[in-house]
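Q: Below, each chain spelled out in residue letters.
Protein chains: 4
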Amino acid sequence: MAKKSKVKIGVIGAGRIGKIHIENLVKNVPDAEVTIIADPLVNETKEWAKEFGIERVVSDPYEVIADPEVDAVVVCSPTNTHADLIVATAKAGKDIFCEKPIDLDLKKTIEALRVVEETGVKLQIGFNRRFDHNFRKIKKLIEDGKLGNVHIVNITSRDPNPPSIDYVKSSGGIFMDMTIHDFDMARYLVGSEVTEVYAVGGVMVDPRIGEAGDFDTAAVVLKFENGATCLIDNSRKAVYGYDQRVEVFGSRGNAMALNDRPTNVVVSTEEGVSSDKPLYFFLERYMKSFEEEMKNFIDALTKNKELPVTGNDGLKAIIIAKAATLSAKEKRPVRIEEIEKTALG
Amino acid sequence: MAKKSKVKIGVIGAGRIGKIHIENLVKNVPDAEVTIIADPLVNETKEWAKEFGIERVVSDPYEVIADPEVDAVVVCSPTNTHADLIVATAKAGKDIFCEKPIDLDLKKTIEALRVVEETGVKLQIGFNRRFDHNFRKIKKLIEDGKLGNVHIVNITSRDPNPPSIDYVKSSGGIFMDMTIHDFDMARYLVGSEVTEVYAVGGVMVDPRIGEAGDFDTAAVVLKFENGATCLIDNSRKAVYGYDQRVEVFGSRGNAMALNDRPTNVVVSTEEGVSSDKPLYFFLERYMKSFEEEMKNFIDALTKNKELPVTGNDGLKAIIIAKAATLSAKEKRPVRIEEIEKTALG
Amino acid sequence: MAKKSKVKIGVIGAGRIGKIHIENLVKNVPDAEVTIIADPLVNETKEWAKEFGIERVVSDPYEVIADPEVDAVVVCSPTNTHADLIVATAKAGKDIFCEKPIDLDLKKTIEALRVVEETGVKLQIGFNRRFDHNFRKIKKLIEDGKLGNVHIVNITSRDPNPPSIDYVKSSGGIFMDMTIHDFDMARYLVGSEVTEVYAVGGVMVDPRIGEAGDFDTAAVVLKFENGATCLIDNSRKAVYGYDQRVEVFGSRGNAMALNDRPTNVVVSTEEGVSSDKPLYFFLERYMKSFEEEMKNFIDALTKNKELPVTGNDGLKAIIIAKAATLSAKEKRPVRIEEIEKTALG
Amino acid sequence: MAKKSKVKIGVIGAGRIGKIHIENLVKNVPDAEVTIIADPLVNETKEWAKEFGIERVVSDPYEVIADPEVDAVVVCSPTNTHADLIVATAKAGKDIFCEKPIDLDLKKTIEALRVVEETGVKLQIGFNRRFDHNFRKIKKLIEDGKLGNVHIVNITSRDPNPPSIDYVKSSGGIFMDMTIHDFDMARYLVGSEVTEVYAVGGVMVDPRIGEAGDFDTAAVVLKFENGATCLIDNSRKAVYGYDQRVEVFGSRGNAMALNDRPTNVVVSTEEGVSSDKPLYFFLERYMKSFEEEMKNFIDALTKNKELPVTGNDGLKAIIIAKAATLSAKEKRPVRIEEIEKTALG
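Those protein sequence lines, which keep their order, are chains E, H, D and Z.
So for the first sequence, my numbering puts the first residue at 1; every next one is plus one.
So for the second sequence, my numbering puts the first residue at 1; every next one is plus one.
So for the third sequence, my numbering puts the first residue at 1; every next one is plus one.
So for the fourth sequence, my numbering puts the first residue at 1; every next one is plus one.
Treat the hints loosely; a few may be bogus.
Identical copies go unnamed one by one, so any copy, or any two together, can satisfy a pair.
Claimed, not checked - Think about it this way: if two alpha-carbon atoms lie no more than 27 angstroms apart in a straight line, the pair counts; the simulated DSS-like pairs of lysine-lysine are:
1) Lys237 / Lys146
2) Lys237 / Lys305
3) Lys137 / Lys46
4) Lys50 / Lys329
5) Lys237 / Lys122
6) Lys316 / Lys288
7) Lys303 / Lys50
8) Lys108 / Lys169
9) Lys50 / Lys122
10) Lys331 / Lys122
11) Lys316 / Lys46
12) Lys140 / Lys237
13) Lys19 / Lys305
14) Lys329 / Lys137
15) Lys341 / Lys329
16) Lys46 / Lys6
17) Lys316 / Lys100
18) Lys8 / Lys169
19) Lys146 / Lys6
20) Lys146 / Lys122
21) Lys169 / Lys6
To be clear, the hints were calculated from the coordinates, so they are not data collected in a lab.
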């Protein structure tokens, strides 16, 4: 590659996921350089950022967007700020990486994407699981025709522990905050659009989650334009750890992505044969996928490659989540066009 | 056990499954003795039966039922004869083992079970998978509390090849003929009753199946009284063989029954790491379960043990299959009570 | 197959393994018929044999051999009777199946085989593991060239519990009584002859075994004419059950036969991920292989097929066992020709 | 940890392994700082090192050792330079990390270790596999008593491809260059010293390796003071990739470390069930262990922790390799004390 200047990145929000993106950009993405960070906790962030050679930390996100040195903005702030920050960054003519979901409100999401399209900037949404080594391999098997036509997709996605009740109250519900990853995975793997959603929810783990108006256990059936069916099951609490499995069944075979584990050691004793539990949670399981995600984002910018996850991907996942939420509430299958019509009014 | 004479069995129908039951009764169930068989192909059956020391073969099933020597009747004739044969056998005061489903007609089924109850005879239904070593172990784990409360059940059940189109036309449809086993498995494992069914069907394998009015690919969500949810997926054609897996996820962990395979040999070459496909079809996979099923039936008779699968179990599975069929047709979830009311209407 | 009379079998010795062979011959080998049994416990054996429709039970093995009705003799009596019974049966012109080892004494073994050869009768030795589904598949992979030339064979063979000290004292030692199966397996898989043996033994499990002059833990290296090397490890006590694994590594890949287990259920809880221990002991693990062994024996007789395990196979395994015993004692590798020369004097 | 200056590291040799250590020290070991590198290819190394912010690159290794800023030296130069560089660094009073083996000559090795002891500097040897996640877990299981007393260790260690014939000629032979890792692993896991070695070698992969006086296939039996036995098998060419497995069998159970693979995807098609081959070679498989190795080295320096791999560990492995080489040549077991006596004259 010809010697050229690096992509200058401004990061908005240096919470858990923001820190991961910054560390990956600094250590593992040679073509990127993080030049400025915005976070309300300026001092703490400054102290932390020093380790990575980043000196500029500000409190105002719009200062990052306006910074003339910044080529692209990585948005890791709370969900309710995403749409506004996307719009402002797009209007500043800068490329954007934004964490999922774009917004809990469908109209706001659509409006933000309209601005992105108008301004012609690039927008990648943070569906990191597309970059997981296991799921990528399944995608490749499908693309290579090894599985034939996709008939059935089974996704199991369970967390090791529920989030706080406060988080539950503001997350938009299990379908918007947790299953949304599975909706994107289903679309990614099937390569077709969802037409109908049926969802059921239960409160099996913690009654306080039910009192907060949400479910902690869910099952979803997605029907796709191309005839494929996807079954998803979720739980907020798998005592054995983060359970993240995908199976694709097609006319020529099936492929299953099993869980990653800390070691491949198998122990046999009088009590039985045992092995490691899955990697504990998303930080452990998906760490490598976050790195790949950022590499792909920077590649899309520097090599003018296609974006691996577009704003439309972000939008579709939200629409499916809305449909699932409505389905579980009204106890009926909901067609995607019903949600789209309502949103577009 | 006190020395007593063996249970004398008459078998009606010596097709594939009838032959399996006869062979198991003769070889592996010491307390049973097959004394008479009814089958339209009298000569062929006679020839075959000789090997097993059975000499009496007749064409009329009612001759078997009426035979004074016969203590119990094993019904393996076509589905549309089951209800009548159950009624006649019950009225003759003899115990009954009957293959599933009892009848495609719900009223006829209920009437047959009424007679069974009135006469006080024992009736076991042929849900052999309850006796599979893997699923039994999962049931035991649940009963022993190892998995805690059951939250989610995932059942994958796929055949290696579709049946003939003629069979498809008369089988009552995929939910009645194939998924019915999974409905029973779900009830068996969850230990609660289904309240609502949502089913979707597709024609992905062979358009002639669709033309015959059936599906070859299906997904079902069952909701249970106790809050559990069950997801089932079916296909008429898994090119890699008979795919029969069950997962139960509960508050204390999960248990997965993987497929049985001919060998445990793992081969690594330049091409990759490979192992055997699953056992080819139900004869291979469930052979041992048929043996256990018969042992349990005879045990229930000789030791006055509880029946492991009752007429009510047969009825409930049919009701769920009816609900699934209606759901897939009308594209809406169907409550079990809706089916029950209609039937009893 | 043309309709012909069955092979009439006389069985000598109705202990544990004798009973297994009888049951398999009766139930699973249609071309065979057990007509007479010799066992010191005549009454008990009579009672047991009645179940299988066998009425003639005698105490004198030579009565079985002399019985004019008997076509072939299955020898399951104690090792020290094998050679004499083989000689007598061969002289009576009848085919023989004999449990391993032929005899602890090499000269006696060679003499017995000489008589077998002279008389032209067939003699199969009871190396049942050749008929195990897993090991057979590995053999087939080798024969089909899937693994290329065999370079390394690893055999792990561990019992769940040591035998009684009395048994240890009379068994001929661990190499003669336990490793002998592995020696045969190595020859079977490699398809070449052993040229040199190095063996080490230890007493790690029970000091009384050491006091009885034997080892309870052993490791052996075999060198083959064709350049292959085999490593064997044995233990008298694996607390997790019967550990029977084989790996063959060749120029085109490797194949591993893992243990068979009661179920394929995988359980994940807070404590970890666990599955079944291996099948408990040789009765459980190798039951099917005993059946196949008898079928092959009877096939060799009725269809004039090649014997799957010959007297020479029995002899070679004993010679290797002798070499291993000497090697462990004198702490040096022992060449097979050294043992052969001594034996042939 | 109190804020203190970082350990200043000089690296001698920036070939493949030297580059790995440098990259790990820079990216993943915050307490270390690489300040100077010596390599004959000064310009290329300078270009490469710039990426990591290292500016000083020299050709003379003694310049690194003499540099007053340097606290510790990492020796990654060819084996025949190790002993001299260890001596010089020790005399300069600086701590040392040295790649294995210390030297092919036993006397030179012993002399270098004598100087290290006299000067009191710290010396860690590059047996990186001790830091592999799988093997570490097995070590922990042993230390925690989960496996009881160790009876048998099985090590399979096979490369995907042979090295160049030039390398073979200078490597000291398969036991010194390849099996040496397994010798260290065996000592590490068993926690006792080897007393006797029996080794056999073959030329199965490439006759040119035999012509160069080496083996490409090997099997070794190690006997330990505490009674344990270890079986090792090696091949220079496993067509399915880098095969690195360890099994420890003890009085309370066994533990097996299986291979790591790129993904956990299992694919089932008409052809069979397949999964990924092992990670390709040591760079892929052991990358993480190199990082842990350096972290442990720097920890030993900064926190005054015990060295995880000592000079004595390096020496013992060489002695075992010498014994194995002699054993394979003279076709007899060789006692360790025989080698030690010869070396110490």
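Q: Determine which of the earlier numbered hints do not hold for this structure and return their numbers in increasing order.
A: 2, 3, 4, 5, 9, 10, 11, 14, 18, 19, 20, 21
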